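Colleague: As you go down the protein sequences, you meet chains A and B in turn. With my numbering as the guide, the letters of the first sequence map in order to residues 1 to 255. With my numbering as the guide, the letters of the second sequence map in order to residues 1 to 191.
No lab work stands behind these hints: they were computed from the structure. Keep in mind the model is a prediction, meaning the values are calculated, not measured. Incorrect hints may appear among the rest.
[Unchecked claim] Quick list of the computed label-pair ranges, beta carbon to beta carbon:
1. Arg-84(B) x Leu-77(A): 47 to 55 Å
2. Phe-23(B) x Asn-205(A): 16 to 24 Å
3. Asn-73(B) x Leu-107(A): 39 to 47 Å
For every residue, glycine included, the Cβ atom is placed at its ideal position computed from N, Cα and C.
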Amino acid sequence: MLSHWHKALLLFLWITPHVLLAVVAAIIWKRRLYEKFPCFFAYVVYEIAEFILLFALYVVPGAGKQYAYAFSATLLLSLALRFGVIDEVAKDLFRESKLLKASARRLLQCVAGALLVMGVLLAVYAPGNNGARWHAGVSVVNRGAVMVQCGLLVSLLLFSRFLGLTWRRPAFGITLGLGILTSIDLAASALRAEFTSEVMKESLNLLITGAALVGVLIWLGYLLAPEPEPASALTVVPQDEVKTWSTELQHLLRD
Amino acid sequence: MEHGAATLAQGLITAWALVAVAFFALGILVYAAVRSRTRAVDLERTVNDFRSLDIEAFRNLVDSAEEAFLRDNLSPQKFRAIKRQRMWAALLYAWEAGRAATALAKVGQAAQRSLDPEIAASGVQVTENAFRLRLQTVRVSLHLLIEVLLPSLSNRSHPSLADQYERAAETLFRLGRFPSVLRTLVRSKSA
Numbered sequence: 001m002l003s004h005w006h007k008a009l010l011l012f013l014w015i016t017p018h019v020l021l022a023v024v025a026a027i028i029w030k031r032r033l034y035e036k037f038p039c040f041f042a043y044v045v046y047e048i049a050e051f052i053l054l055f056a057l058y059v060v061p062g063a064g065k066q067y068a069y070a071f072s073a074t075l076l077l078s079l080a081l082r083f084g085v086i087d088e089v090a091k092d093l094f095r096e097s098k099l100l101k102a103s104a105r106r107l108l109q110c111v112a113g114a115l116l117v118m119g120v121l122l123a124v125y126a127p128g129n130n131g132a133r134w135h136a137g138v139s140v141v142n143r144g145a146v147m148v149q150c151g152l153l154v155s156l157l158l159f160s161r162f163l164g165l166t167w168r169r170p171a172f173g174i175t176l177g178l179g180i181l182t183s184i185d186l187a188a189s190a191l192r193a194e195f196t197s198e199v200m201k202e203s204l205n206l207l208i209t210g211a212a213l214v215g216v217l218i219w220l221g222y223l224l225a226p227e228p229e230p231a232s233a234l235t236v237v238p239q240d241e242v243k244t245w246s247t248e249l250q251h252l253l254r255d
Numbered sequence: 001m002e003h004g005a006a007t008l009a010q011g012l013i014t015a016w017a018l019v020a021v022a023f024f025a026l027g028i029l030v031y032a033a034v035r036s037r038t039r040a041v042d043l044e045r046t047v048n049d050f051r052s053l054d055i056e057a058f059r060n061l062v063d064s065a066e067e068a069f070l071r072d073n074l075s076p077q078k079f080r081a082i083k084r085q086r087m088w089a090a091l092l093y094a095w096e097a098g099r100a101a102t103a104l105a106k107v108g109q110a111a112q113r114s115l116d117p118e119i120a121a122s123g124v125q126v127t128e129n130a131f132r133l134r135l136q137t138v139r140v141s142l143h144l145l146i147e148v149l150l151p152s153l154s155n156r157s158h159p160s161l162a163d164q165y166e167r168a169a170e171t172l173f174r175l176g177r178f179p180s181v182l183r184t185l186v187r188s189k190s191a
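Starting from the given sequences, assemble the full structure and let the hints guide the process.
Modeller: This is the structure:
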């Protein structure tokens, strides 16, 4: 039996991120960021629509089974959209380099392939006890997918640091928010498969909804933050020096 | 009964392993977020680090004739130990070259955002070449790592190794010629 404060907290953490997601959608629309991140925009709108459907089923008495089915069905599309979002931020990260567009993306595809294999293996070999068979199937898919997504997002961050790539604020914010969401989701889904008590289930729900709130706040913060000025300090760099650097590097790389 | 207990233990181990992976990933994300706020490219330091590189010493480290001499005059055990040390030292050169390439890439990307179209165009070239250099140092580092692990292998299969390193070191030596006018640039925050 849930105490009142627990239920109130759960509802707060469930409703608030989706209200804030509407603000995120409005900002994306106003700043025309949907042109650069169409999949992220679709994901945000989809999450809001999903919440409205699930909340409606939640408040309707006796619709528990329908809620469970709707939750699983909408989760699968949400997972698919997240892959699209990751692809978008990767494209944005490698936007300025022809070399990286080819080689780094190929490397990232290899990472994705390896993570996919690991995700499938880990999902299969950590069956847990999930009650209903269809629900167990969805849990396995979710566990594998978030593992791949979390790995891809972390790889993007490490790769950008290794190469010295500069992120644009919205792309960095999207990556960070989604990364936090998927990493907490991964931990929660792994624990949920093994610990099936009501207390644990409710605690994990709080954890996931809390992570969603943090993720959405990060998106909001990074979308609202202005892009840094086009390096005003650069005007003090004599043009011939930058050219000299370029020449020196070309000399270095000459075969 | 035993089988059930083993399955349960396996499930628990996998679950906690996934939790550990998730929190490790979370740690990296938080670190990236914090670094993005405070990151500054200390190009001056990078240049100074590279000034300390001795290209002649490096050439000696990866010279195949030198290696052949050592192989002929030392016992196999001694040769392997010395070669491992030499390749490790060369690997450190690669590490430094890679760090400088990363710093250059950041400067190049900042130059791309310049309002002056010519500086921006040069920035594109600097960035592209810095990325190429970075990837080259990775390739070279892997070769050297293999030689550290398997010192019996001959380095003659990598004839371009010394050239690549020489070029890397030469470029970074040259960076030292540039005045510190870029200090303000490289310390500007990005991301």
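Colleague: State for each hint whether it applies.
Modeller: We went through each hint and held it up to the structure:
Our hint of 47 to 55 Å for Arg-84(B) and Leu-77(A) holds, since their Cβ atoms are close to 54 Å apart. Restraint check, Phe-23(B) to Asn-205(A): a C-beta distance of roughly 19 Å satisfies the suggested window 16 to 24 Å. Taken as a hint, the range 39 to 47 Å holds for the pair Asn-73(B) and Leu-107(A), whose Cβ atoms sit roughly 42 Å apart.
Against the hints set out earlier in the document, no violation occurs for any number.
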